[in-house]
Amino acid sequence: PQNLKCLTHNLHKMVCTWDFSSRGRRRQTDFCYTTNDLTPQVCFKTKERRAEIPVPESSITVTIKTPGTAFATKEFTIHQKDISFVPVTPHILSLTPGFPTSTLNLKWSDNGSVFPYGLDALWQIQILRKEAMEEVTQVAYYSKLTHEDVILSWNWTSDIPLECTSHYVKIRCYINATQFVGPKDWSDWSPAEVIPGKDTEPGGSGVFPLDAVVAVGSDVTFCCVHEEDQRITNMTYGSKSYTMMQLSSRSHAIRVLNASASNSSGTNVVCRLENGMDGSVVFVGYAPDTPQNLSCETSNFLIIKCTWKPGRPSGLYGARRTKYSLFERISSKNVSCEVNEMNRDRVCGFPVLPDQKTYDFILGVSNPIGQAQSSLLVDITQRVHPKTPEKLTVTGNNSTSIQLRWFINGSFTGIRLLCQIEIVSGHSEKKLHNVSMPGGKSSSYTAQLNGLHPNTKYQFSVRCSAADHFWRWSDWSRGLEQTTSEAPPS
Amino acid sequence: DSHIQYERVGADVTMKCGSMDWDAAVTWTANGTDIDESHLNGSYLILKNVDLSQSGQYSCYEGSSWHLKYQTNLRVGTPPKEPVLMCRSNNYPKGFYCSWHLPTPTYIPNTFNISVVHGTKDMVCEKDAVPKNRCHIRYIQLFSTVKYKVTLTVTNALGKNFTTLTFDEFAIVKPDPPESVVAKPVPNNPRRLEVSWQNPSSWPEPESFPLKFFLRYRPLILDQWQHVELSDGTSHTITDAYAGKEYIIQVAAKDNDIGTWSDWSVAVHATPWTEEPKHLTTEAQITETTSASTSSFMAPPTTKICDKGAVVGS
Amino acid sequence: MAAPDSPSTALRRRDLCSRGIRLAGKMRADVVDLLDTYVEQQGLDASASVAAVEGVPLAAVERWDEQTGTQRLLENLAAYRAFRALLAQMLEEQREQLGEADAGLGRALAAVLLQVSAFAYHLEELLRLESRGVPSEEEDGPPPLPRLSLFEQKLRGLGVLRELAQWAVRSARDLRQLAKPSPATGTGPGLAESP
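Chains as they are written, first to last, in our numbering: chain A, 33 to 522; chain B, 1126 to 1439; chain C, 123 to 317.
Only chain A is shown next, with the shape it has when bound in the complex:
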């Protein structure tokens, strides 16, 4: 026996192999080993030229006896430094494609249970593409072994749609066992896992990505998968023709840099073939801006109306439009807002909740490209903006005083109202008369104006607001004209 070599995958066991100086029929051999003088020798018979034995702390003595041959016995002393440590070839547990986002999710076991705690493991993940399996990227991934089998997960976003051509992933690992003095090496590469491209599927033709939404300024690759016998004449993005790259015999691609905003129906990516055409639509827009000037008020203590400035238009419409939702943290109530993307002002209504004055709003804004939010903490009793007073009428009238009545829609029972009456008469300038009164529930309010001139035509109008914590006046009511009666003869 000669050329004894030992290799370990897990720092516990090692596999030793040898060969014989003379060739000949495979013989039964006696294989014995002992790690040091204290432990008894372990022997077993084998016809193989390999044997699995423990990895020694420092050295191990191996005796190989081949009965019935000259020079039958050979003894070897193997030191740890002579033993190679090559981790076992890792196996990919799953490779999951995320077609809409062109992402790959890789999961594998770190096989940590076979190693002592706390070893540093370095993984290399290799992504390959096309029929020729050209390397796209190679990434290093670090993990710490915990003496348990841990499933590691890693995501990768491809710069081209996964449908365009097949993608392959391989991994290998290197374990930095500092206490092990023997030579250490990378494991073998794992078998490659593949995500087949559409160019491997019969009838898989089309333009990809299909109906994607991307941010303005993105660099995007589009590919045209076609049948083997079809000759592709050109690929256009919008109205511009682009130079094509061949990915496989059934797949060609173009690369669009710094994509500009598309119109409402999206930008067409068209692949013209000898006898037909295929296409896709891409919507290039903006992520929503953070809503500005978020403000909430109530006009009737029934509905809280929040408004805000949306910022830059997203350029996305219909199914891809920017969507708004109003979440109130205290009540955990969420309301989605119906917003017309064509007009600039945004409004959303939230119901006034019983026995809740303070509202902690989060206005959430999202579209397929991104999201944003604004928040507002508000006490609605300090945000009362009554509706315009209606049905302003005169309920009493004499030569020097007039009693007015008006109606305000809304429930103000919890607060006091401050109303301002504008008094205009022919020969005097405009006067304002303030009056405050307890709020009612969709009720009328009255005020008495004294000190008027007899037989004089007056023009009245009224507006109201919250008496405590003024926020905003209502609009002025419609004007009312009334003449005081003549003074009684003195």
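Hints may be right or wrong, so weigh each one.
[Said to hold, decoys possible] If you only want the chain C side, here are some residues facing chain B, beta carbon under 8 Å, derived: (1) GLY147; (2) SER171; (3) ALA181; (4) VAL183; (5) GLU184; (6) GLN288; (7) VAL291; (8) ALA294; (9) ARG298; (10) GLN299; (11) LYS302.
[As the list claims (entries may be wrong)] Here are the simulated lysine-lysine pairs, DSS-like style, with alpha carbons at most 30 Å apart: (12) LYS148/C x LYS1272/B; (13) LYS1194/B x LYS1173/B; (14) LYS1337/B x LYS148/C; (15) LYS272/A x LYS1274/B; (16) LYS419/A x LYS337/A; (17) LYS1272/B x LYS272/A; (18) LYS302/C x LYS1337/B; (19) LYS1285/B x LYS1206/B; (20) LYS148/C x LYS1219/B; (21) LYS302/C x LYS1219/B; (22) LYS1206/B x LYS1274/B.
Because the hints were derived from the structure by calculation, they are not lab data. Every residue, glycine too, gets a C-beta built ideally from N, C-alpha and C.
Add chains B and C to chain A, keeping to what the hints say.
Quick look at chains B and C alone, frame taken from chain A:
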């Protein structure tokens, strides 16, 4: 045996005297006239930068025996340029014809081959006896959105070229101009002219495929035409003519629903009726000035006329 | 051979036909305008050849001049019912994809849909005039439309509008055939025999 040798204008031509050696004594003639020794290189005839005038029969005779050793017909010409192809339906819905010509002559024989494809169907283009550069296709389908693709390939000894036209069925419908245009004054109406015409005889089914018409008229003394579009009928009375002024009148036609306007019809002239001058002696005759004289054919309008998307003129 | 018409029926048919011809002409003009707007708004190539789209009735017909009047009316009716469903689908997709953006295109589509519905009703009237059974909608109803990608939806829309523009011309021609006085009696021919 004499054969034809085609060469491009401007080419350098070398002719060998059949199987004679380079240094053999020979005599070359062009159309029977001896060629000067300066054109010879040994027994080879060298013609530099040939032009059209050098086409002709070239013969080579052995020096002493005057035995004809080689003869060829040199034809100097050019490869064909991209041919000009035009397709039109003037007898819709029967079919359409395509005609073609070369933008510049090639001075050597050319062969034309035309293919007509409708979607995936090859259609037969039946060559017209006269003119030779025209053929016609019968519609198998009507009202089709599938485009017609016509490819004309022209080949001669010096090269090949082709032109392709792709069009919709409706786009090439262009009737011939209206025929038998007549314009007459209306007695006792000094400002009226009565114009009548007929559908072009080439239009097969005016009842099912009615034509509409476009009338233009102007007094000879003015340049500005007046127009009137008529959706049916083949006559019209002009009611705003200048009294006593001679008018020139033309009519164009178009399918009621599709295609483009025809060229303008032959122009006719007419002068509205005028009052018989009172003091004139009895002999003065006022002859009706009805004439349908043919003025020089007015070049078809090349600008768009009324109908959206309709372009007249070829 | 159907018995020739009574004068009143012939008069009524000719009236219906001429109104139908005018409606077809107006519809075609509106569809052609809509086609221009649609092509521009959808970023399509006006000269693009669009393969026959499933579910879209083809106006192309062979031996058109040999069709009987009933064939003409029934084929027209089936086509315009199909276009009604196709245009309604386009309108729905339009709202879904664009929301309030480009409401102009939505309005134009709705206007053409209205005309197509009116024309279908007109054809039914003509069939009733000839005491021909009007096929019920289920019999004629178009098959459910397959879910398409956005680009395929755009192409289908282009195909629908192009075919509708062709149909409008064909319908006008068909109605002219129907309106043609019968040579023998000078009255309108029975539908069965109006080549």
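Status of the hints after comparison with the structure:
1. For GLY147/C, the shortest C-beta to C-beta distance to chain B is roughly 7 Å, which falls under 8 Å, so the interface hint holds.
2. A hinted interface residue such as SER171/C counts as satisfied when its beta carbon comes closer than 8 Å to some beta carbon of chain B; here the least separation is about 6 Å, so the hint holds.
3. Interface restraint check: ALA181/C against chain B, minimum CB-CB distance 4 Å, threshold 8 Å, status holds.
4. The interface hint given for VAL183/C is met, as the beta carbon of that residue sits about 6 Å from the closest beta carbon of chain B, less than 8 Å.
5. With a cut of 8 Å, the hint placing GLU184/C at the interface with chain B holds, because the nearest CB-to-CB distance is about 5 Å.
6. A distance limit of 8 Å between C-beta atoms decides the matter here; for GLN288/C the minimum to chain B is near 5 Å, and the interface restraint holds.
7. A hinted interface residue such as VAL291/C counts as satisfied when its beta carbon comes closer than 8 Å to some beta carbon of chain B; here the least separation is about 5 Å, so the hint holds.
8. At its closest, the beta carbon of ALA294/C sits 6 Å from a beta carbon of chain B; the interface hint therefore holds under the 8 Å criterion.
9. Below 8 Å, beta-carbon pairs count as interface contacts, and ARG298/C has one with chain B at about 5 Å; its hint therefore holds.
10. Given the 8 Å rule on beta carbons, the hint for GLN299/C holds: about 6 Å separates it from the nearest Cβ of chain B.
11. For the restraint placing LYS302/C at the interface with chain B, the shortest Cβ-Cβ distance is roughly 6 Å, inside the 8 Å limit, so the hint holds.
12. Only pairs whose Cα atoms come within 30 Å are accepted, and LYS148/C paired with LYS1272/B is accepted, the gap being roughly 24 Å.
13. Distance restraint check for LYS1194/B and LYS1173/B: the Cα-Cα separation of roughly 22 Å lies within the 30 Å cut-off, and the hinted pair is therefore satisfied.
14. Between LYS1337/B and LYS148/C, the direct Cα distance comes to roughly 16 Å. Compliance with the 30 Å bound is thereby established for this hinted pair.
15. For a cut-off of 30 Å, the pair hint linking LYS272/A to LYS1274/B stands: about 25 Å separates their Cα positions.
16. A threshold of 30 Å between alpha carbons decides the hint, and for LYS419/A with LYS337/A the separation of about 12 Å falls inside it, so the pair holds.
17. Pair hint LYS1272/B plus LYS272/A holds up; C-alpha atoms about 24 Å apart against a cutoff of 30 Å.
18. Distance hint between LYS302/C and LYS1337/B is fulfilled; the C-alpha atoms sit about 18 Å from each other, no more than 30 Å.
19. Straight-line distance between C-alpha atoms of LYS1285/B and LYS1206/B comes to about 8 Å, which keeps the hinted pair within the 30 Å bound.
20. A threshold of 30 Å between alpha carbons decides the hint, and for LYS148/C with LYS1219/B the separation of about 26 Å falls inside it, so the pair holds.
21. Taking the CA atoms of LYS302/C and LYS1219/B, the gap is near 19 Å; set against the 30 Å cutoff, the hint holds.
22. Between LYS1206/B and LYS1274/B the CA atoms are separated by roughly 20 Å; this keeps the pair inside 30 Å, and the hint holds.
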